[in-house]
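First to last, the sequence lines map onto chains A and B.
If you read the first sequence in this note's numbering, its first letter stands for residue 1, the second for the next number, and so on.
If you read the second sequence in this note's numbering, its first letter stands for residue 1, the second for the next number, and so on.
Hints listed in this document are in silico derivations from the structure and should not be mistaken for laboratory results.
From a predicted model like this one, the values you see are computed outputs, not experimental measurements.
Be aware that one or more of the hints could be misleading.
[Unchecked claim] Residues from chain B shown here face chain A by an in silico Cβ test under 7 angstroms; the list is partial:
no.	residue
1	V339
2	G436
3	F480
[To be verified] List of simulated lysine to aspartate or glutamate pairs, DMTMM-like, C-alpha gap at most 20 angstroms:
no.	chain 1	residue 1	chain 2	residue 2
4	A	K150	B	D30
5	A	K190	A	E98
6	A	K31	B	E143
7	A	K8	B	D30
8	B	K7	B	E342
9	B	K350	B	D223
10	A	K469	A	D430
11	B	K331	B	E348
12	A	K8	B	E342
13	A	K221	A	E114
14	A	K121	B	E217
15	B	K33	A	E98
16	B	K55	A	E318
17	B	K55	A	E114
[To be verified] Which stretches of chain A does chain B cover? Using the computed rule of at least three CB atoms under 8 angstroms from a CB of chain B, they are:
no.	stretch
18	16-27
19	35-41
20	139-150
21	158-171
22	200-209
23	250-264
24	343-357
From the three backbone atoms N, C-alpha and C, an ideal C-beta is built for every residue, glycine too.
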Amino acid sequence: MTAEAAVKYVTEIPEEEVTRVSEWINSEEYKEKNFARQALVINPAHACQPLGAELAAHGFEGTLPFVHGSQGCASYYRSTFNRHFREPAPAVSDSMTEDGAVFGGQNNLHEGLENAYTIYKPKMMAIFTSCMPEVIGDDLTAFIKNARNKGIVPQHYPLPYANTPSFNGSHVHGYDAMLLSILQTLTEGKKIEGRCTGKLNLIAGFDANTGNYREYKRILKEIGIPYTLLADISESFDSPLDGTYRAYPGGTPLEDAADSINGKVTLTVAPYASAKTFNWIKDNFSGKHISMPTPFGVEKTDQFLMTLAKEFGKPIPESLKAERGRAVDAMTDAHQYIHGKKFALYGDPDYLTGYVTFLLEMGARPYHILCSKGTKKLEKELQALLDGSPYGAGCKIYINKDLWHMRSLLMTDPVDAVIGDTHGKFMARDAKVPLFRFGFPIFDRVNLHRAPLIGYQGAINMLTAICNKFIDIRDETCDDRNFEMMR
Amino acid sequence: MSEETKKKLDGITMESTQAMIDAAMEIYPDKAKKKRAPHLAPNAGEGACVKSNRKTVPGIMSARGCAYAGAKGVVWGPIRDMVHVSHGPVGCGWYSWGTRRNLVTGVNGVSQFAMQFTSDFQEKDIVYGGDKKLRTLLEEAHELFPLAKGISVLSECPVGLIGDDINSVAKTASKDLDIPVIPCNCEGFRGVSQSLGHHISNDTIRDHIIGTREFREPASPYDIALIGDYNIGGDVWSVKPLLEEIGLNVKAVWTGDGELEKIAATHTVKLNLIHCYRSMNYMCRVMEEKYGIPWVEFNFFGPTKIRESLRKIAEYFDDYIKERVEAVIAKYDPIMQAVIDEYRPRLEGKTVMLYVGGLRPRHTVNAYADLGMTVVGSGYEFAHGDDYERTSPEMPEATVIYDDASEHELEQFVNELRPDLVGSGIKEKYLFQKMGIPFRQMHSWDYSGPYHAYNGFPIFARDIDMAVNSPTWKLVNAPF
């Protein structure tokens, strides 16, 4: 071999090669290869547990989320919430580094607790782990006990903590774990024989739509049901701008959360995002315990209202009946723009069941349903929803697949639109269909987290966004001679 | 820095700034106070007046990221023709997916791979190790993305803790698949900030990439490489044409919209032009030592510094380049003056506080000065001593300089100094906006850009004016 031949030159990929592969990645053959993947995950639609834990922590009065682990993790969670809500997300980390890996994280935790307690004056610190302490096996129970004994924080200062390893589950599970720990901590010793607050405890689960929380509260007020919304982020992540920064602008009052154990009814509308918490509540809380799907669409909202009315012995007020009527009116008026249209959906389990319910009510087809972190139970529930409607026929469910799988589906078996979060925008553009951003995170549109998706108003909001987009597309793409005044 | 801005500022003295620092530290526990105090100081004009590159104090709200963030988000992520695998649990890759705005050309998933590739570690991978999975994953990536020129493997915390040997997996896979597979041991727990991630990444480029390719076309005396520009908001696409306009051939860009093989052939250029000194100075030093390539720092923010930098670059070349530089300056000066004439009247005398990553706290000081604004406080998330040495002379006397500032400290300083604008990152943005203070994200150009070079300055000026003078700020106080 000559010296000349040994030189490796910079190569350019020929145009025809790019074209060939561009076509190939849209093919049935590619789809098969893509679905045969065993190890590589491409564009997953879920984050890791601690992110969810942080969201739950932000839902309580005066609470500072505290990440036990590497500094960078805390920065990533905070940035993610900053970008989605366009709001501050105060949280600290105990900044573990190499020496933490060797000696364990107790020193970091203790120093961190002392500093955070003194500087940020929280009413509660919610501690959760990222990868590093989980791998080295830090014992949070012991560390926290030692912190109290050393006087770093007062003996009875609330320090709920949750193990949220990132190599297990998703943000949804982290939310559940932190919520459980917060409720266990706050309600400890608060159960009083014979006491009933007369209140509803409502659990909304990992829901990054502040409008939904406001909507739950409005509906409960309308019926006249006293309530405690557990992990209420409506103010924490949607606070007014008036020239003053407040680190903890909202959240469920700690006293109310503590007294929730004596509640009349505890209702979760997020069976997947609060499974562990709810199980524990069933064994420990007074009153009745009810689990039902997130009230997306008319039927599920009906079910939600009827349950509340029954349990609290209150009639559903005329105002909400009128709201229902308006939603049905809006759906009937607009169904023609969406009937029979095929949708690809991805997101968290509770949201997915909601999308499917709503689409089927509109006569649309939830054609590809994908959850990148789901269970057999979810698959069965989604299948039951599909089986219950003629519009569910031929629709398919993909559990533990990612958005690169979804892209293959969009290319080989096309749909009219995609519902999901911002991360789907590239595949939706490749497939030349619109993406409706109803989930989390939404980084590239403003204010969507402020518009409720649940309840009758939520149904109106969803159908308004979807139907008008289809009408926009028609207007933008039709021939001039078909460009009409009326649609 | 222009004479005009060098002067002392009214009401800001060494004593007043020190008093402000002391007041901010009052609520700290003793140990935290002792650790934080050396990181905050009034600008003494010469030398690095603050301590830097130390561990973040636990429990203090820091804006810092980690070594992985430096490797994935900054150095490797922007190389467009490679698959970058976030090796470990799902989160790190997910959070760093498309959030640093390094724009790229090419077809998504075909000739450009700005996607999220991860091994999505599960418990069993922690217990049994992830090496086998990695091997399978590399084969799958190669099969599904045949035009990818290489694969980087960026390890997350657990990988280093359980003792996986990604280096050996990468080595055999590279041979078997016949493409470069680059292992980068950038676990987040290493070091104290993003900075170590840059360094580790640079070392992997040195060990695995540089010198492995050559350009096909003949060398010219005007071949240069652009180092440390990550194409935030299209910055590279503003800088590259300008360098070409002065007669230079930009052979490789590190690493915004970068290509692996061009980076591999950088050792044949005549000069390295470095923008982000913090993230890439190691590589310039390596190429200087090994291949005798000189390097020069430049600053393309605002016409004053662009002019100064172009002339500095021209010094490395012949009269041909020098003449073209003068011609370019003569061409753009009036255009830039028109921008200044438009915006300066609305911005004159306004003050700014900066808190950014590795170069902008000093590089943008004069761009503000070009618009008549004064920077009254500046600091870095992850700088080292040499960065602060370069910062002091740029800043007015006695203004406050902060290293790895906590949110509490920044909040106190902003409360005290009440600047007309804060330029920092996403984690600080909404805090200061709640206080009613105009803000621009200076890591990401707040989803605008480019800000570099002559094409960037008009956009910078427009954005700063838009932020400071937005009528929305007048609505903050309710009339009732």
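Hint check results:
The criterion of a C-beta within 7 angstroms of any C-beta in chain A is not met by V339(B), whose closest approach is roughly 28 angstroms, and the hint is violated. With its C-beta approaching chain A no nearer than about 4 angstroms, G436(B) sits inside the 7 angstroms limit, and its interface hint holds. Taking 7 angstroms as the C-beta contact cut-off toward chain A, the hint placing F480(B) at the interface is violated, the least distance being around 12 angstroms. Our distance criterion of 20 angstroms between C-alpha atoms is met by K150(A) and D30(B), whose separation comes to about 16 angstroms.
The straight-line distance between the Cα atoms of K190(A) and E98(A) is roughly 41 angstroms, outside the 20 angstroms bound, and the hint therefore fails. The straight-line distance between the Cα atoms of K31(A) and E143(B) is roughly 12 angstroms, inside the 20 angstroms bound, and the hint therefore holds. Of the supplied pair hints, the one linking K8(A) and D30(B) is violated, its CA atoms being roughly 60 angstroms apart against a limit of 20 angstroms. A threshold of 20 angstroms between alpha carbons decides the hint, and for K7(B) with E342(B) the separation of about 25 angstroms lies outside it, so the pair is violated.
A hinted pair counts as satisfied when its Cα atoms are at most 20 angstroms apart, and K350(B) with D223(B) does not qualify at roughly 41 angstroms. With a CA separation close to 18 angstroms, the supplied pair K469(A) and D430(A) stays within the 20 angstroms bound. Note on K331(B) and E348(B): the hinted pairing is violated, with a Cα-Cα distance of about 25 angstroms set against a maximum of 20 angstroms. Only pairs whose Cα atoms come within 20 angstroms are accepted, and K8(A) paired with E342(B) is rejected, the gap being roughly 52 angstroms.
For the hint linking K221(A) to E114(A), the alpha-carbon distance of about 40 angstroms lies beyond 20 angstroms, and the restraint is violated. Taking the CA atoms of K121(A) and E217(B), the gap is about 64 angstroms. The hint is violated against a cut of 20 angstroms. The hinted pair formed by K33(B) and E98(A) fails the criterion: a straight-line CA distance of about 23 angstroms is larger than 20 angstroms. A distance of roughly 61 angstroms separates the Cα atoms of K55(B) and E318(A); the hinted pair therefore is violated under the 20 angstroms criterion.
Taking the CA atoms of K55(B) and E114(A), the gap is near 17 angstroms; set against the 20 angstroms cutoff, the hint holds. Counting residues of the stretch 16-27 of chain A whose C-beta sits closer than 8 angstroms to any C-beta of chain B gives 5, which meets the bar of three, so the coverage hint holds. Here's how the stretch 35-41 of chain A fares: 5 of its residues keep a CB closer than 8 angstroms to some CB of chain B, so the rule of at least three is met and the hint holds. For the stretch 139-150 of chain A, the stated coverage by chain B is violated: 0 residues have a C-beta nearer than 8 angstroms to a C-beta of that chain, whereas at least 3 were required.
Counting residues of the stretch 158-171 of chain A whose CB falls under 8 angstroms from any CB of chain B gives 5; the rule of at least 3 is met. A stretch counts as covered by a chain when three or more of its residues have a beta carbon under 8 angstroms from one of that chain; for the stretch 200-209 of chain A and chain B the count is 0, and the coverage is violated. Residue count for the stretch 250-264 of chain A with a Cβ under 8 angstroms from a Cβ of chain B: 0. That is fewer than the three needed, and the coverage hint is violated. With 0 residues carrying a beta carbon less than 8 angstroms from a beta carbon of chain B, the stretch 343-357 of chain A misses the three-residue requirement, and the given coverage is violated.
Hints 1, 3, 5, 7, 8, 9, 11, 12, 13, 14, 15, 16, 20, 22, 23, 24, counting from the list given before, are not met by this structure.
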